[in-house]
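There are 2 protein chains.
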Amino acid sequence: MREKVKVAIMGFGTVGTGTYKILTENRELIVNQVGADIEVVKILVRDINKKRQIEAPEYLFTSDADDILENPEIDIVVELMGGLEPAYSYIMKALERGKHVVTANKEVMAKKGRDILTKADENSLRLCFEASVCGGVPIIRALKNSLATDRITKIMGIVNGTTNYILTKMSQEGSEYEEALREAQALGYAEADPTADVEGYDAAYKMAILSSIGFHSKVDIDKVKREGISKVSQLDIEYGNELGWTIKLLGIAQDVEGKLDISVSPVMLPKQHPLAGVMGVNNAVFINSEAVGELMFYGPGAGQMATGNSVAADIMAIAKQIVMGNKMQSNCSCFTDKDYVEELKAGYYTRMNVINKPGVLAKIAAVFGNFGVSIESVLQKKTEGDKAEIVWITAKVGESSFRKAIEAIESLDVVNSISSIIRVENN
Amino acid sequence: MREKVKVAIMGFGTVGTGTYKILTENRELIVNQVGADIEVVKILVRDINKKRQIEAPEYLFTSDADDILENPEIDIVVELMGGLEPAYSYIMKALERGKHVVTANKEVMAKKGRDILTKADENSLRLCFEASVCGGVPIIRALKNSLATDRITKIMGIVNGTTNYILTKMSQEGSEYEEALREAQALGYAEADPTADVEGYDAAYKMAILSSIGFHSKVDIDKVKREGISKVSQLDIEYGNELGWTIKLLGIAQDVEGKLDISVSPVMLPKQHPLAGVMGVNNAVFINSEAVGELMFYGPGAGQMATGNSVAADIMAIAKQIVMGNKMQSNCSCFTDKDYVEELKAGYYTRMNVINKPGVLAKIAAVFGNFGVSIESVLQKKTEGDKAEIVWITAKVGESSFRKAIEAIESLDVVNSISSIIRVENN
Numbered sequence: 031m032r033e034k035v036k037v038a039i040m041g042f043g044t045v046g047t048g049t050y051k052i053l054t055e056n057r058e059l060i061v062n063q064v065g066a067d068i069e070v071v072k073i074l075v076r077d078i079n080k081k082r083q084i085e086a087p088e089y090l091f092t093s094d095a096d097d098i099l100e101n102p103e104i105d106i107v108v109e110l111m112g113g114l115e116p117a118y119s120y121i122m123k124a125l126e127r128g129k130h131v132v133t134a135n136k137e138v139m140a141k142k143g144r145d146i147l148t149k150a151d152e153n154s155l156r157l158c159f160e161a162s163v164c165g166g167v168p169i170i171r172a173l174k175n176s177l178a179t180d181r182i183t184k185i186m187g188i189v190n191g192t193t194n195y196i197l198t199k200m201s202q203e204g205s206e207y208e209e210a211l212r213e214a215q216a217l218g219y220a221e222a223d224p225t226a227d228v229e230g231y232d233a234a235y236k237m238a239i240l241s242s243i244g245f246h247s248k249v250d251i252d253k254v255k256r257e258g259i260s261k262v263s264q265l266d267i268e269y270g271n272e273l274g275w276t277i278k279l280l281g282i283a284q285d286v287e288g289k290l291d292i293s294v295s296p297v298m299l300p301k302q303h304p305l306a307g308v309m310g311v312n313n314a315v316f317i318n319s320e321a322v323g324e325l326m327f328y329g330p331g332a333g334q335m336a337t338g339n340s341v342a343a344d345i346m347a348i349a350k351q352i353v354m355g356n357k358m359q360s361n362c363s364c365f366t367d368k369d370y371v372e373e374l375k376a377g378y379y380t381r382m383n384v385i386n387k388p389g390v391l392a393k394i395a396a397v398f399g400n401f402g403v404s405i406e407s408v409l410q411k412k413t414e415g416d417k418a419e420i421v422w423i424t425a426k427v428g429e430s431s432f433r434k435a436i437e438a439i440e441s442l443d444v445v446n447s448i449s450s451i452i453r454v455e456n457n
Numbered sequence: 031m032r033e034k035v036k037v038a039i040m041g042f043g044t045v046g047t048g049t050y051k052i053l054t055e056n057r058e059l060i061v062n063q064v065g066a067d068i069e070v071v072k073i074l075v076r077d078i079n080k081k082r083q084i085e086a087p088e089y090l091f092t093s094d095a096d097d098i099l100e101n102p103e104i105d106i107v108v109e110l111m112g113g114l115e116p117a118y119s120y121i122m123k124a125l126e127r128g129k130h131v132v133t134a135n136k137e138v139m140a141k142k143g144r145d146i147l148t149k150a151d152e153n154s155l156r157l158c159f160e161a162s163v164c165g166g167v168p169i170i171r172a173l174k175n176s177l178a179t180d181r182i183t184k185i186m187g188i189v190n191g192t193t194n195y196i197l198t199k200m201s202q203e204g205s206e207y208e209e210a211l212r213e214a215q216a217l218g219y220a221e222a223d224p225t226a227d228v229e230g231y232d233a234a235y236k237m238a239i240l241s242s243i244g245f246h247s248k249v250d251i252d253k254v255k256r257e258g259i260s261k262v263s264q265l266d267i268e269y270g271n272e273l274g275w276t277i278k279l280l281g282i283a284q285d286v287e288g289k290l291d292i293s294v295s296p297v298m299l300p301k302q303h304p305l306a307g308v309m310g311v312n313n314a315v316f317i318n319s320e321a322v323g324e325l326m327f328y329g330p331g332a333g334q335m336a337t338g339n340s341v342a343a344d345i346m347a348i349a350k351q352i353v354m355g356n357k358m359q360s361n362c363s364c365f366t367d368k369d370y371v372e373e374l375k376a377g378y379y380t381r382m383n384v385i386n387k388p389g390v391l392a393k394i395a396a397v398f399g400n401f402g403v404s405i406e407s408v409l410q411k412k413t414e415g416d417k418a419e420i421v422w423i424t425a426k427v428g429e430s431s432f433r434k435a436i437e438a439i440e441s442l443d444v445v446n447s448i449s450s451i452i453r454v455e456n457n
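Taken in sequence, the protein lines are chains A and B. Residues 31 to 457 in our numbering are what the first sequence spells out, letter by letter. Residues 31 to 457 in our numbering are what the second sequence spells out, letter by letter.
It is worth saying that the hints were derived from the structure and are not from the lab. Worth double-checking, as some hints may not be accurate.
Note: identical chains are not told apart, hence a pair may lie in one copy or across any two.
Stated by the list, open to error - Derived lysine to aspartate or glutamate pairs resembling DMTMM-like cross-links, with alpha carbons at most 25 Å apart: (1) K417 - D443; (2) K289 - E440; (3) K174 - E33; (4) K417 - D151; (5) K301 - E268; (6) K301 - E272; (7) K248 - E209; (8) K174 - E324; (9) K123 - E69; (10) K255 - E137; (11) K357 - E152; (12) K80 - E406; (13) K261 - E88.
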């Protein structure tokens, strides 16, 4: 039996440091379960002279990737650098050299997941990526194992902590988007350039990964519809509140009779929905499936130790198999290529500014009717002089019909502007 | 490579039928992931002539356990009979005969878990028991894998759907316990003899199982403190509501500096706690750990297909390893024998009926003070003639001090009765 499993970490930022801490501080706990020691033998960094937050022996550090990739002693390569390149090349090279891989890289997995998993399978290697989605929440393992015998129909997720923090602030404190964003930046929850988070790119990667596993299909990241939260206004949050809804940046992925629809956008969600109660930087994934029904997984979407634990647990799972001398497989679960739904039906909330005079409501309603858009409710909101605000809630309707109706309404002379359009998810 | 993995099911009630349905209806999905067919080759039933809800070939059924246990072709034995015996003997015999085992049996796992897992490990076999706790919620896999590198400090769970349904009814509709229980019975959520559910026995088994994995220790089922919901009154729910609390039957397991405290009892929980929103027959487990922080797993606590899926996923996990010809281990994670906390500190809510005259409140408060019990708040509730109701909320206090104070208060001549005592969980 093996006495040691040797690990190298590529990238020693927040998550790398957390992973190292867990592996060293919980060494005994891990040995008790693996039956061998998991030893970190190399750490790839950009600058080996940089001062670090954590004490680790000097000799561990290298700035040369080949010290790891070409080292035959290393069993598991842990890629925590982020970004597409050189991470992707390093992962592929590690697999070619017979090393198991653990990664937290959502961009690589969303864009190159099938290539990587296929390569791993060809070489009888494991590639694990729990930490790539929802930090400390073990959603990948649940999908790949516990739900593998079931048919998932829908995955809804709050998969980006930064935007959930901003929307929570806006909802609880009545602040506008810009103010809440600045606060998130001051607390380190949002980057100086917040685009990746607030425009939904980060969430889109994660939804692509979850969908590819849940629906057993390759998912093209370009097919994930994406809209961020920068246009969400306090007024919409207040009106939503009156209607019993909370606005969340929600990833929604559906398998509609074998065709996929995947999107990330602000969504009005009933307050009693389990996802509506997910506050601050927390993440949660809500799953509908044929056999199990409804499941939700909730927890920290980021954080040094939380995400570090997901990485450490993946390393441990592989180490157990190495110790037993077992054959391994990554079991790429995206063994189909599903098409995409041509047009999804959804309900919409839309707020518009109109001229405040008799007949305007009827005129707009008539346009909705002409395009086959049924209205579930209309609220005439605040009126200021000759301007009024109207909020419409539609029944489920094809998106193109709805967009055409909106276009026609926008061109009416009684309509000043369409202020917002937000998808409504009532079930 | 193996073309088939052969499975036998012992017990063909609700969960057995669900498991069989999933394995047959999702056969192709499973083959795609396992690389081999999972075939049910025998089903043990009490009466082979009984009419069944589901069509299955006649030749599958047997009433002789040895047709399964002594059949060398069977790879995996699935025990779904429930109860301690003969289930325990069958499981042990299956392991002795070199068969992997999947079970949904909470009683067997709570009482004999370590014996069984040790036997499995000795024979290099897997024993999986996801379905024994929380039906369709994959909490065992999360604890055994995703959280294996972390240190869990507290596990709180709504692990019994029947009692959660009753408490939800009482809370939402203002009904008394007896009425809500009758409704649960009419809907098939509660048995004719509801004792196992309403008195907390079922929940105690599940908390023993979760604790043994989460805290890596053998847990003696007799050490799990247990109190049911039959004494919870509508008045306590209403007063709790005023205070911002919901009453749940909660399993609470803690590792306090290496010593365990495990209990099942009605608990006052703040309404904003994620567990407070778990309604009806749903289950949820909330975990505190050092690295990850807070995690919650939510879903159906029972049901033919939901629980059947947990069984099927366990079967699939084992089948994958069989197909690869791998060595297996059950990795009994309870490798320590932790002691129990001698006395846990908790806050308490207590409602008492007293004689309505001046000085009574002071008299009772003095007794609390004498026993070192600090009071956080007092509410004098409804007064009828010479009787009044007083609700006390204590600060955290050792249980024995609190119980002694209550005993002394009960003997005061101004006190008619102690109507209820409910633990308060504020964090």
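Cross-check of the supplied hints:
no. : hint        : in the structure
1   : K417 - D443 : within (13 Å within a copy, 71 Å between copies)
2   : K289 - E440 : neither (32 Å within a copy, 67 Å between copies)
3   : K174 - E33  : between (29 Å within a copy, 22 Å between copies)
4   : K417 - D151 : neither (63 Å within a copy, 75 Å between copies)
5   : K301 - E268 : both (13 Å within a copy, 22 Å between copies)
6   : K301 - E272 : both (11 Å within a copy, 21 Å between copies)
7   : K248 - E209 : neither (39 Å within a copy, 52 Å between copies)
8   : K174 - E324 : both (17 Å within a copy, 22 Å between copies)
9   : K123 - E69  : within (21 Å within a copy, 39 Å between copies)
10  : K255 - E137 : within (16 Å within a copy, 48 Å between copies)
11  : K357 - E152 : both (12 Å within a copy, 21 Å between copies)
12  : K80 - E406  : neither (60 Å within a copy, 51 Å between copies)
13  : K261 - E88  : neither (48 Å within a copy, 63 Å between copies)
Going through the hint list in order, the structure does not satisfy hints 2, 4, 7, 12, 13.
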